[in-house]
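Chemist: Here the protein sequences line up with chains A, B and C, keeping their order.
By the count of this note's numbering, the first sequence reaches residue 351 at its end, each step adding exactly one.
By the count of this note's numbering, the second sequence reaches residue 1511 at its end, each step adding exactly one.
By the count of this note's numbering, the third sequence reaches residue 100 at its end, each step adding exactly one.
What you were told as hints is all true, and nothing was included just to trick you.
Below, a sample of chain B positions facing chain C; criterion: calculated Cβ distance under 10 Å:
#	residue
1	Q1326
2	A1327
3	V1333
4	A1340
5	A1341
6	Q1343
7	A1348
8	T1350
9	T1351
10	Q1441
11	Q1477
List time: in silico DSSO-like cross-link candidates among lysine-lysine, alpha-carbon distance up to 27 Å:
#	chain 1	residue 1	chain 2	residue 2
12	A	K244	A	K217
13	B	K1499	A	K303
14	B	K1501	A	K303
15	C	K51	B	K1442
16	B	K1499	A	K302
17	A	K303	A	K244
18	A	K302	B	K1501
19	C	K51	B	K1447
I should point out that these hints are in silico values taken from the structure, not numbers from a laboratory.
Where a beta carbon is used, it is the ideal one built from N, C-alpha and C, also for glycine.
Given next are the chains, with one letter for each unit.
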Amino acid sequence: MTNHPHQLYATPLTSEADQTRLVGFNCGTEHFAGHVAEWILGSDVFDSIKRGTRVWIFETVAGHVVGYGSLGTTRWKWPLPDGQRTSLVIIPMLGMDSRYFGQPPEPEWRYANQMMAHLIHEATRLVSEWPRGDKKYCRKLVLFVHRDNRRAIRFYERCGFEAISGSIDESGHFKMLYDLDDDE
Amino acid sequence: MTDTMLPDTPQTMARLDSVSCLLDWMRDMEPALRRQFVGALMECSDSIQQAVVSMMVIAKDQQAAPQDRQRALTTLADALFLRPDETDKDYGQPLAESETYTAKINPALNREVRTMNSQQEFFARQVRAIMDSKRLSQQDLAVRMGCTQPAISQLLDRLPHCRPQKRTIHKLAEALAVPPQELWPDLETAEMLDAVARFQQDDYAMTVAEAAALSASGKSKVKLKPKPLPTRPRR
Amino acid sequence: MLKLQWWETSDTSLADVTCRRVADEAFYVLDIDDGYGIADGFQVVFCEVKRPEPDGTICVLAVLRSDEVLTESVRSILRARERIARERVSVVLDDLFGR
Chain A
168 MTNHPHQLYA TPLTSEADQT RLVGFNCGTE HFAGHVAEWI LGSDVFDSIK
218 RGTRVWIFET VAGHVVGYGS LGTTRWKWPL PDGQRTSLVI IPMLGMDSRY
268 FGQPPEPEWR YANQMMAHLI HEATRLVSEW PRGDKKYCRK LVLFVHRDNR
318 RAIRFYERCG FEAISGSIDE SGHFKMLYDL DDDE
Chain B
1277 MTDTMLPDTP QTMARLDSVS CLLDWMRDME PALRRQFVGA LMECSDSIQQ
1327 AVVSMMVIAK DQQAAPQDRQ RALTTLADAL FLRPDETDKD YGQPLAESET
1377 YTAKINPALN REVRTMNSQQ EFFARQVRAI MDSKRLSQQD LAVRMGCTQP
1427 AISQLLDRLP HCRPQKRTIH KLAEALAVPP QELWPDLETA EMLDAVARFQ
1477 QDDYAMTVAE AAALSASGKS KVKLKPKPLP TRPRR
Chain C
2 MLKLQWWETS DTSLADVTCR RVADEAFYVL DIDDGYGIAD GFQVVFCEVK
52 RPEPDGTICV LAVLRSDEVL TESVRSILRA RERIARERVS VVLDDLFGR
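Okay, chain A solo, but in the shape it has when bound (with noise of 0.2 Å):
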């Protein structure tokens, strides 16, 4: 294990008083930031922790919260007349405090990269028992992301992330695909 000064750490989030770490969290003051900010400080995060997911706190080694994460699973449908279901993983939050935007400014320590290298990780330990070549498993990483939200689809895109079209929702999301194929 490294003991670099930009090294982060992933702190499992379990309960209301892992929360009380997060106070102050913000990120930005964008029309599209305010619910990533109010998913990890209110309730909805247990709503989701409650169906599965598994959601981090990353931070430094000095106890910084830069920012947060989860990994969960879900069931989609494929179009009729097919209509049966298939697994896949979801990133169903992932935010980073305004205040580490950028940082550090060493790339190959870029916080946000440690981030998503870490969800990617867990993702592909998770598929890993999932059968190849069958349509009940999807062995994907989707997220959701805002439409006005361009720092964040820019740094998804350079993740490997690819858009789907046509996937944009009333609210202004839009959805992103990794193959977790590659990976294992």
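Please arrange chains B and C on chain A, whose structure you already have, making use of the hints.
Modeler: Coordinates of chains B and C only, in the frame set by chain A:
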């Protein structure tokens, strides 16, 4: 009236059963309680009286589940003995009380309830402030919202104490010609959180484009390498 | 309960909670999966009274366990409560000396 004048229909039999049940109840009561009961029943509207009698039938039904008989009794007691002009409170438990109690035992909800309450106060002030700034009377607002002036008057009176429904916020915003967020700033946040919750729900029906994306292989793209983060060392 | 503020009559889901109208009745049910350690889940039964707001007031009529069936007795009780709720809300509205 003789028996031959009563139509022999299921409705008549049901009504007679109800009356019989009512008489049984009253017969079993102490006189003072019977007077109180009859007095309270007579003050109710016909609709509530019918509800009371139907609850009596269930409460006396030995075949009914015990919890249903209890629920019927509770409903009957509410109908007869809890009236808004006899207590300081409205009928039923107000939302504010219910939320206050829940928030005490659930810290995550406590924060949300406090946020909603402050939004509620802001909403009430904003509506009046915008009406004043645009010199809109209650009648003007009533016309724009398609309701009566008394309804607007009562709405404004209740604003500081009630949580408006989303459609009311939108309707008021349209009538006042302001964006809904100007009345309820967290409206968009609430809608986005709802969208996130729906994203996690099972049984979402994929579009054809989503199905094609899920079926495709993405091997050619440059991707971030997966790498686990350690847990923070204890100090 | 906080989510009910955003309910509209045509909604079949409220955020991540399914919502349905009870057949042949004037009330609705929210299906809550979380039992909070007390039950497997809950059904929140509510109705909308079309007063005093221009659009109405939501009244919660009962909270049942998710495994409870809406028998005829239960429906009768809920109908009675709905009738009482509608009338009580109107009494508060019509009271010239009330709020």
